[in-house]
Amino acid sequence: MAQRFLLPIAQHAGLHAHILRAAVASSARPPASLAFRVVMSSDASPATREAVHALAHTFPQLVPEKPSVVDMRSTSELAEALENCDGVVLSSGLQDPDALFAAESALVDTAKGSGGTQRIVKVSGAAGLVGKNAALALGRAHWQIEQALQTAALSAPRRVDIVRPSTGMDSLLDGRLFDMVCGRTLSVSVKHGKVAFVHPMDTAEVIVSRLLQQGRGDADTKSTIETFHVTGPDALTYEQVAQELSAGIGDRVRYSYFPLWAVNTARWIQGVRPDAIAAEIELSRALENGADADVTRTVDTLLGKPARTFTSFVKENKNSWPLKAHT
Numbered sequence: 001m002a003q004r005f006l007l008p009i010a011q012h013a014g015l016h017a018h019i020l021r022a023a024v025a026s027s028a029r030p031p032a033s034l035a036f037r038v039v040m041s042s043d044a045s046p047a048t049r050e051a052v053h054a055l056a057h058t059f060p061q062l063v064p065e066k067p068s069v070v071d072m073r074s075t076s077e078l079a080e081a082l083e084n085c086d087g088v089v090l091s092s093g094l095q096d097p098d099a100l101f102a103a104e105s106a107l108v109d110t111a112k113g114s115g116g117t118q119r120i121v122k123v124s125g126a127a128g129l130v131g132k133n134a135a136l137a138l139g140r141a142h143w144q145i146e147q148a149l150q151t152a153a154l155s156a157p158r159r160v161d162i163v164r165p166s167t168g169m170d171s172l173l174d175g176r177l178f179d180m181v182c183g184r185t186l187s188v189s190v191k192h193g194k195v196a197f198v199h200p201m202d203t204a205e206v207i208v209s210r211l212l213q214q215g216r217g218d219a220d221t222k223s224t225i226e227t228f229h230v231t232g233p234d235a236l237t238y239e240q241v242a243q244e245l246s247a248g249i250g251d252r253v254r255y256s257y258f259p260l261w262a263v264n265t266a267r268w269i270q271g272v273r274p275d276a277i278a279a280e281i282e283l284s285r286a287l288e289n290g291a292d293a294d295v296t297r298t299v300d301t302l303l304g305k306p307a308r309t310f311t312s313f314v315k316e317n318k319n320s321w322p323l324k325a326h327t
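Everything in the sequence shown is counted per the numbering used here, starting at 1 for the first residue and increasing by one.
Note that these hints are calculated values from the structure, not bench results. Among the clues, some could well be false.
Said to hold, decoys possible - BS3-like, lysine-lysine: derived pairs with alpha carbons at most 27 Å apart:
no., residue 1, residue 2
1, Lys315, Lys305
2, Lys194, Lys315
3, Lys194, Lys112
What the hints assert, rightly or not - Between beta-carbon pairs, the in silico distance windows are:
no., residue 1, residue 2, range
4, Ala247, Val69, 36 to 46 Å
5, Pro60, Asn84, 28 to 38 Å
6, Gln95, Pro46, 15 to 25 Å
7, Ala266, Gln243, 40 to 50 Å
8, Trp261, Val295, 25 to 35 Å
9, Leu260, Asn84, 21 to 31 Å
10, Glu316, Glu50, 16 to 26 Å
11, Pro157, Ala325, 54 to 64 Å
12, Tyr257, Gly113, 45 to 55 Å
13, Asn84, Asp109, 15 to 25 Å
14, Leu323, Arg73, 38 to 48 Å
Note that the Cβ used here is the ideal one computed from N, Cα and C, for glycine as well.
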């Protein structure tokens, strides 16, 4: 019988699709058997809703029910969504710290009150960016959720896994970094700091491996809580990233250091909110100081194969960065 996990999505992220792809691959290796009940936040954007329905259409064997809409702050609606689910995957996709804490803490509280919810996988932030005194508010919000899960594991027999992926390689496929690569100039405020970029499929396969592991053993009789720091096989500077991109795309991508002292004015002129500017500056400082540089062998240990390299990621996506002017 398939293990059923609630997959709540507040903001669509590529990771959700990768999780389902990894689950499809795992289903080819009996006795693996997973199913997901997908719910969307009531305030999810039209783009997120469209993407979620597309996921359900693409993976009908994994998402047998039509995705529904819930208020992620309503414990009664969340409790209904959790009915007949063996567990929940906390991967809301939210980048706003207050929204993330509100949505995921409500889920944790609801799961604590649900006798059937014995398995929880939390997708957190990079290990060096999460903590009580983390520089970024998002890192502090993830830490608060992790602490709530510690309490949940004590209140009833539950198996809790916390997955802390380093910065995803796919961060270069979206947003400002994507625009910079298409403009062939990677202008960032990190000079010497390295990042252990992780391939999104490695993160997804680790998550699925934990979901499958949670379906075995003595989860019904005792609580366990484990943390997994998931990284790529190497840590790279952004200058090395530019070199890898240049080689893979076949067109030079320049690295340019953008000094921190200039960020505030430049981003203010672009109309960026002050809190977002402050977060960008703090993240750059943290990365410069090596907050996301540690390399682990978690992928090797859990999946029995080496982590995918940045070189392979660029090769897979070499046509994803068409040349265009970056403004």
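Here's how the hints hold up against the structure:
1. Lys315 with Lys305: Holds, at about 19 Å.
2. Lys194 with Lys315: holds (21 Å)
3. Lys194 with Lys112: The given pair, whose Cα atoms are some 39 Å apart, is violated under the 27 Å limit.
4. Ala247 with Val69: 36 to 46 Å: Check passed, 45 Å falls within 36 to 46 Å.
5. Pro60 with Asn84: 28 to 38 Å: This hint is violated: roughly 19 Å between Cβ atoms.
6. Gln95 with Pro46: 15 to 25 Å: holds (18 Å)
7. Ala266 with Gln243: 40 to 50 Å: violated (25 Å)
8. Trp261 with Val295: 25 to 35 Å: holds (31 Å)
9. Leu260 with Asn84: 21 to 31 Å: violated (51 Å)
10. Glu316 with Glu50: 16 to 26 Å: holds (25 Å)
11. Pro157 with Ala325: 54 to 64 Å: Holds, at about 57 Å.
12. Tyr257 with Gly113: 45 to 55 Å: Taking Cβ atoms as reference, Tyr257 and Gly113 lie about 51 Å apart, which means the hint holds.
13. Asn84 with Asp109: 15 to 25 Å: Distance hint for Asn84, Asp109 holds at roughly 19 Å.
14. Leu323 with Arg73: 38 to 48 Å: Between Leu323 and Arg73, where Cβ atoms are some 44 Å apart, the hint holds.
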